[in-house]
Every structure is written in structure tokens, then in C-alpha cells.
Amino acid sequence: MLDTMKRKQRLQDLPFGKEDVGTRFVTLVIVMMTALATLALGGAEVIISMRSNWVDAIRGQVTIEIPATDQNGNIRNPETLDALAHDMEAGLKANAADLKAFQRLSREQVHDLIAPWLGQDMAQDDLPLPVLIGLSFEDTPMPARIGQITAQIHKTDPAASVETHQSWLDDLRRFSGVLLMASAFMAFAVVACCILCVSGAVNAQLASHQADIDLLHLMGATDDYIGSQFVRVVAIDVGRAALIGTLTGVIFLKAGGMIAGGLQAATIPAFSWNPGTWLSFAAIPAVVTCLCFVAARATVLRSLEKMP
Amino acid sequence: MIRFENVGLRYHGGPEVLTDITFTLDQGSYHFLHGPSGSGKTSLMKLLYLSHLPTRGLVGMFGHDVSAVERGQRMLMRQRIGVVFQDFRLLPHLSAFDNVALPLRIAGRKPGEVRNAVREILEWVGLADHMKSSPTFLSGGQQQRVAIARAVIGKPKLLLADEPTGNLDDTIGYRIMSLFEQLNKMGTTIVIATHNQQMMDHFNHPRLSLDKGHLQVLPPTSKAQLMAAR
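Line by line, the protein sequences give chains A and B.
Numbered according to our numbering, the first sequence terminates at residue 308, and the numbering increases by one at each position without gaps.
Numbered according to our numbering, the second sequence terminates at residue 1230, and the numbering increases by one at each position without gaps.
So that you can see chain B by itself, here it is in the shape it has in the complex (with noise of 0.2 Å):
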């Protein structure tokens, strides 16, 4: 579903951040990505929900050339992307009905089915009596959960998760991790950036490992693998 092929990236012509990156990812696959701070990560995320294109190389995704497609269909192919940021980028003026409901607008939904969608959403992250909140006056933790809610209430066919647990605590971050399971079980390819090592430990899922721009794909950690055969 999502193929890199010597994909390099640079910013306004300077070094590159990415440099000849290839790996694939499978519909319906988990991945982590980590690395140290500076690696590319974030260069690796934006261009995965098509915020940048390829300064080389070749991004396929969805069975499209992302360079090679018009405009108005990137558009398109970004509504198949759920992505939680790791600042959350809410909309501070919407209340967290109106930011979760977000992306079901924007395909075009209708009225009705938007309302069951996102109360069911916000009920199951727990934040049913926080609706008409707005996100200044939610917590850190409640924030992040409105954001994962706006990233999965689509039923992306890839969702990007950028530190998606690091404000929550321990209960309510399993409990969105097994939401990711789930979903990646109804077959939404996900890949979640983190520098949570207990996380890789305790989801026997393969890692993309990053480091200086360059990327290698490395099995789950041992205590995974082993947590697994468990």
C-alpha cells in the first residue's frame, strides 16, 4: 500500500534530512517508528500524510506516484490518512465536538451520521462530558485523546500517530493503544513515531529505525517477540 523507493528529502535546498530510503508497508501492517531526536522522524511522517513531496526517489501510495498525482487528488488520498500530531494542532476555537467531527465534514458526511459518530467516538476515549469543551480548557491528556478521536473517526486507511500516548497515563494509553490494534485488525495500516521503548516491548510489532536521515526496518524487540510467544 505504501512504497518508498530512494526517497530523499531536503529543505529548501539544503542537506538532505532523508537520504535513500526504501521500505514498504503492507495494508494492514504496524509499525514503530523511533529514533533519536533529529533522525528525520518528522521528516519521515510528513511525508507519509503527504504534507511534503520527494525531493528524489519515489513514494508510491494507495497505487498512486504521490509526485505524479494532481493537487485536487492528493486531497483526496490525505482524507484516507488519520494523523495524530504530537502537539495535537486542535482547533482552538471549536469545541471537541467540532474538532473531532472535523474530518467527517470535510468528506462530506452527513449531519446526522457525523453527531452518532462523534459522540460514540468521544464517549469511548471518555471525554462524553467534555463535548462542548473547548481544547483550551481540556487537559493535556484530554487534548491528545480528542486528536486521536479526529484521526480515527474516519476510519483512515493508514493512521500516523506521532507520540500518541505520551501525555496519557498508563491506563488510558493501553487503552488507545488497543484502539490502534483494533483498527489495524479491521485492516488500517498504522505506524506510530514514539521513543517509547516499553511500548515496542509490549507490542510485537516491527520497527522502522531511523537514524541520521537513514532507515533500516528491524524486527520487534526481543521482549516483544517474547512477550508475544508468551
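Just chain A, with the same shape it has in the complex (with noise of 0.2 Å):
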């Protein structure tokens, strides 16, 4: 009795077919769209995983250069880059309290950093190559203190020149930003897409209901009524429609991650499947079913207020 009681109340007056063309293509759509927006939020996941990686790696280094050339273009001898490097790291830890570490680059490392550009089989001992010292503090220095680090190294040699980085990495919050902002603008056109295809789709429905709803109506039956039946229609078709789409989603970027682990590149995070990364992506089709059901909702009411 029970469940004939819960069946007349599921009961649709309106006859809303799984079968009709229009249905089958919104439904599609909306398969497609949430796919994309799940891949979207992914595709940011991973940029902004890769910016704080980078961040990381370099929060608080500042590399030192002492060239392998003076002031007046004279090549030095490497006895006194030595003496210089030697002078520069008294000077720093004698003056410099945040200073964590100060690491020397060997002419051996300096030389496998131009390699690639000089090839492997230079002569290292025939090439001037400069003094490399990775300073680490405990945060990246402010300007301020950068000037006064630049100070003390300039006491010592004032060839020598300060990199903290910085321009590297507005560049590259400024790029992790245009990307962030393309896969915004792509979820938005999702979910706007997605919106227009089912208010297209709920007036296709009025028209061709139009004469089983003058009848509604003539019953008695309020637009929240008529109303109703169609946004729970569409609720379900949707809600239905975004979980396969968020799913196909998952297992491209599923697949996406293991390919992307495999090339085992240092540059490219692994893709974090934490907690918060499953619930962005639950949060996909609950956040599309929820803007179509207002949709809906909207686009029927505002089509039947204009019916006598």
C-alpha cells in the first residue's frame, strides 16, 4: 500500500518522454559539458599544485654570482673566485642571522649547468666559469633585506650579482593566473551552456505539452504545480546526465595521471587525489543540477505565467 501510495505521489501528470529526441540531446549535452568542467577543474588543480611547487622550491633561495670576470673585464684565476667565495660566505654568516645555508656550487656542478650548451666534452679547466653560492633563508627575503644582503656581498666583490628569483616567479604567477582564469571562463561556459540547453529544452517541452497543460490549468492546477512536475524531471534527467559526465571526467584525469607519472618529469606535480580534490569534484554535478533546476524552474514559470 505503501509503495502504490509513494508511486501516485512520483506520479507525473505530464507526459515527459524518455524517448524524446530533445531529451536524449540535452542529456548528451550535459554528459559532455560536465566532462569538460571536471576536466577544467582538474587542468586547475594540477596548475596550481605545479605554481606551489615552484613557489616552494624557491621560497627563500638567493643565488649568488661571483663572474668569472672583474669589473674590467679581466678573467680572474680561480684562486681568487675562491678567496672571494671564501670572504663572501665570512661576510654573510657573520652579518646574516636568517641565514639557513650557504652553498657553494663546485666548478664540477657549474660546469654540468652549461653543459648543455657547451657540450660535455669542453675543457673545464681552459673555461673561465663564475662562482655559483645558493643562499637559504628562512623565507624569501623582503626587498629591504635583499638590499642590505646585496650590500655585504658588494663589500666583498662588487662585480658580483644578487638573483632572488622574483621576476621569474611574478612571470610565472602572472602565466598559472591566465590559465586559472581560461579554466574559470571554461566552467563558466559549461555551466552557461548547459543552463541554455536546458531552457531550451524545458520550452520545447511546454510547447509540445501545451494542450495537456491548458488542461492542468484549466483543472485549477497553479504554475508552481505544472511547474513542479517539470523541474523534477529535469532535476533527475540532469542530476543523472552531470554524475556520468563528472565520472568520465574522473577516469580521463585518472588516466591523464598515470600516463603523467609515468614520463616521470620533475616539472610535472603528480596529481594530488586528496579529499578536497574528491569533493570539487562531487561538488561538479551537485553545483549544475542545482544552477538547471533553477533554471528550469525559472524558464517554465515565466513561460506559463504568459498562458491565460
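Just so you know, these hints were derived from the structure itself, not from any lab.
What you are looking at is a predicted structure, and each value in this text was computed from that prediction instead of being measured.
A couple of the hints might just be wrong.
Stated by the list, open to error - Covered stretches of chain A, as calculated for chain B (at least 3 residues, CB under 8 Å):
| no. | region |
| --- | --- |
| 1 | 206-217 |
| 2 | 220-234 |
To be verified - Cross-link-like lysine to aspartate or glutamate pairs, in silico, EDC-like; alpha carbons within 16 Å at most:
| no. | chain 1 | residue 1 | chain 2 | residue 2 |
| --- | --- | --- | --- | --- |
| 3 | B | Lys1046 | A | Asp214 |
| 4 | A | Lys306 | A | Asp223 |
| 5 | B | Lys1046 | B | Glu1016 |
| 6 | A | Lys306 | B | Glu1070 |
| 7 | B | Lys1185 | B | Asp1026 |
| 8 | A | Lys100 | A | Asp139 |
What the hints assert, rightly or not - For each label pair, taking beta carbons as the anchor points, the in silico distance ranges come out as:
| no. | chain 1 | residue 1 | chain 2 | residue 2 | range |
| --- | --- | --- | --- | --- | --- |
| 9 | A | Trp273 | B | Thr1136 | 46 to 54 Å |
| 10 | B | Asp1129 | A | Ser280 | 28 to 36 Å |
| 11 | B | Asp1129 | A | Arg240 | 36 to 44 Å |
From the three backbone atoms N, C-alpha and C, an ideal C-beta is built for every residue, glycine too.
Quick one: dock chain against chain with the hints and give me the complex.
If you want it as C-alpha cells, here you go:
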């Protein structure tokens, strides 16, 4: 008996056919759109993760270069460079309390750095190589602090340069910001497309069931009563399609993650499947369904209000 | 209960199909509406079941000027009107039971109450064995009985019927007319559009006679008066 009652409550007065071409089309569009939204969200997650990795990698890092030539262009011998580096280390350690580490790259390491451009076969003893020193601080020094460090270094060698990687980091931030904006625009376009499709489908359904709707109106059915039937069907169909689309997108991302993992590229971060990620993916069908629900309700009520 | 004063109706700026219609239907009255094809019967019925609003004049119903009330209130007024359409207008995807249950569900009645009321009325119109049948599989007469059951199940204040016995045999036809008589005795105002002279002669009710968009309120036919006198 309870089953019968439930069946009655779910009964649709209007014949919304599952075989309807328009309904199938909208379902397909929403599956594809939510899959795209999932990929866009996954892409945004990767960008954020990549930016975070890079920012973490250079946080608190300052690089000093003691050039292989002095200010007059004369080539310095390795002993002079060693002495300058030694003096610089002593000066910094004595005056920079926040300095965590002073790491000078060996000639072999500097040679390895320039090898891709000059070739492995070059004789390193013949080349005037600069001295590169990595300084690690507690946090990335502020510009004023950088000024103090630079002044300290210039006491030892006025030709030495200090690089905080800030300009590179700023470029990276700008670039990743553009990518994130593109992802957000894509998500917006996807949602807008879903809403337009649902509104169009609702209008088509209203037109095809005009006679039945008129009949319900004549029996005294309010716009809310009729509208709720449309909206219920839309919510179920869109919810199901959005879920399928999101799952499809997640499967794509999983497969992409496995392929990217196999690349072993240090610059490509592993896609992290933490609870927050799952939550954001789960939000996609919920958000799409809610927005389509609201759009369908607004469309159907606006159209019904125009009827006598 | 229903008051028409100098009512005119035209469709989309065309010529008037109803002109200067004036009449009053008291609560519990019973009228036949007749007239030749094209006289405006359907248009008058549309005004009565609030499908259309008059182009001019006043239509008062249940104490309200229908042109002045808000659309939402007009919907609620429609719940007090039962209509039997000439073409039945049953929903083919619903069973006979669900078609008849529609007005009660729209009115927000409880499922148990709906179930009992629908069973009772369908048994009464002789369709107890066809509750689950789709209207598509019912004969014209059976569909008409479903339409009548749907119109009367909500115990409407006003019942409008367009040729309600047109597809019925005499026995069922008179049974349905008796149902209308009973409803009328319980206070339902009834207007029946018909071409059936025999019916108008058999039941002693006044007539709304339409011709070329003009209406006259006439007394019952002389035969009906004679039969009533007997």
C-alpha cells in the first residue's frame, strides 16, 4: 500500500518521454559539458599544484654569482674566485642571522649546468667559470633585506650579482593566473551552456505539451504545480547526466595522471587525489544540477505566467 | 453566482463572436445551452470555464469580476468548476483512474481520500473494470464516462458539459443525466451545451439560446413543461 502511495506521489501528470529526442540531446550535452568542467577543474588543480611546487622550491632561495671576470673585464683565476667566495661566506655568516645555508656549487656542478649549451667535451679548466652560491633563508627576503644582503656582498666583490628569482616567480604567477582564468572561463561557459540547453529543452517541452498544460490549468492547477513536474524531471535527468559526465572526466584525469606519472618529469607535479579534490569533483554535478534546476524553474514559470 | 453583463468576445482583434451577452445563473440553477454550429456556444463555454477573458463587459463569478482577479486566484476559481469537453481531453499516458484523480490531486487531497473517491465514481459510471486502462483502449462512450467522472469528482460549484451524452447509449446517457440532476439538487450549478432536442424535452430546465453570437434566455421547452406537469 505504501508502495502504491509512493507511486502516486511520483506520478507525472505530463508525459515527459525518455525517448524524446530533445531530452536525449540535452542529456548528452550535459554529460559532455560536465566532463569538460571536470577536466577544467582537474587542469586548474594541476596548475595550482605546479605553481605551489615551484614557489615552494624557490622560497627563501637567493643565488649569488661571482662573475669569472672582474669589473674591468679581466679574467679572474680560480684561486681569486675561491678567496672571494670564502670572504663572502665569512661576511654573510657574521652579518646575516637569518641565513640558514651557504652552498657553493663546485666547478663540476657549474660545468654540468652549462654543459647543455657548450657540450660535455669542453675542457673545464680552460673555461673561465663563474662561482655560483646558493643562499637559503628562513623565508624569501623582502626587498629591503635583499638590499642589505647585496650591500654586504658588494663589500667583498662589487661585480657580484644577487638573484632572488622574484621576476621569474612573478612571470610564473602571471602565466598560471592566465591558465586559471581560462579554466574558470571554461567552467563558466560549460555551466552557461548547460543552463541554455535546459532552458531550451524546457521551452520545447512546454510547447509540445501545450494542450495538456492548458487542461491542467483549466482544472485549476497552479503554475507551481505544473512547474514542479517539469523541474522534478529536469533535476533527475540533469543530475544523472552530470554524474555520468563527472565520472567520465574523473576517469580521463585518472588515466592522464597515470600517463603523466610514467613520464617521471620533475616539473610536472603528481595529481593529488586528496579529499578536497574529491569534494570539488563531487560539487560539479551538484552545482550543475542546482543551477539547471533554478534555470528550469525560472523558464517554466515565466512561460506559464504568459498562459491564460 | 454567475453574472454576464454586456459581454463581448473577439479573437485576436477579429469580429465579435459573442455580442452583448447578458444573463445571470443563480447558484443551483440548471440550464441547457443550445444553438446552431458557429453560434458561439464553445466561446461562451470558454468564458464560463475561464479559459478566456471577455473583450468587453463584465463576467462575475463566485462574487468576483474575473477580469479583475489575479491569475493565481483565477486558477483557484477554476478548481470550483468541472468541465466535460466534447472531445473528452483525457491524458492518454494516464490510466482512467489517474485521469479521474487529477482534479483531486491538483486540489491537494490526500492519496487515500483520492483513491476511495475515484473508485466510487468509476464504479458508479460503470468503469470499475477499466480503472487501470489507458483511455486509448477505451471506447468513445467509456472515454466520455471517464471525462464525466473527472468533471464531477471534485463536487464542483459549477459544472459545464459540452454534449456530455453524445457518445453514450440511452441507458448510460440518462444515468449520467440523472447524476447531473443529483449534483444540481446538491447545489451545483449546471450548464449543458447540447444539440439533443430529446434531452431538452425530457428535462425541465431553461435554455440559453445562442444565435450568431447573441443570447436569449428561454424557458424549458413546452414538451418538458408538459412532462413536468404530469
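Comparing the hints with the structure gives:
With 6 residues having a Cβ less than 8 Å from any Cβ of chain B, the region 206-217 of chain A passes the three-residue criterion, so the hint holds. With a threshold of 8 Å between beta carbons, the proposed coverage of the region 220-234 of chain A by chain B holds, since 5 of its residues qualify and at least three are required. This hinted pair checks out: B/Lys1046 and A/Asp214 have alpha carbons roughly 12 Å apart, not beyond 16 Å. Simply put, A/Lys306 and A/Asp223 have alpha-carbon atoms about 10 Å apart, close enough for the 16 Å limit, and the pair holds.
The straight-line distance between the Cα atoms of B/Lys1046 and B/Glu1016 is roughly 14 Å, inside the 16 Å bound, and the hint therefore holds. Restraint check: the Cα-Cα separation between A/Lys306 and B/Glu1070 comes to about 13 Å, which is no more than 16 Å; the hinted pair holds. Among the hinted pairs, B/Lys1185 with B/Asp1026 is consistent with the structure: their alpha-carbon atoms are about 13 Å apart, no more than 16 Å. A threshold of 16 Å between alpha carbons decides the hint, and for A/Lys100 with A/Asp139 the separation of about 10 Å falls inside it, so the pair holds.
At about 53 Å, the beta-carbon gap between A/Trp273 and B/Thr1136 stays in the expected band of 46 to 54 Å. The beta-carbon spacing between B/Asp1129 and A/Ser280, approximately 57 Å, falls outside the hinted interval of 28 to 36 Å. Take B/Asp1129 and A/Arg240: their Cβ atoms lie about 38 Å apart, and the range 36 to 44 Å holds.
Hint 10 from the earlier list is the only one contradicted by this structure; the remaining hints agree with it.
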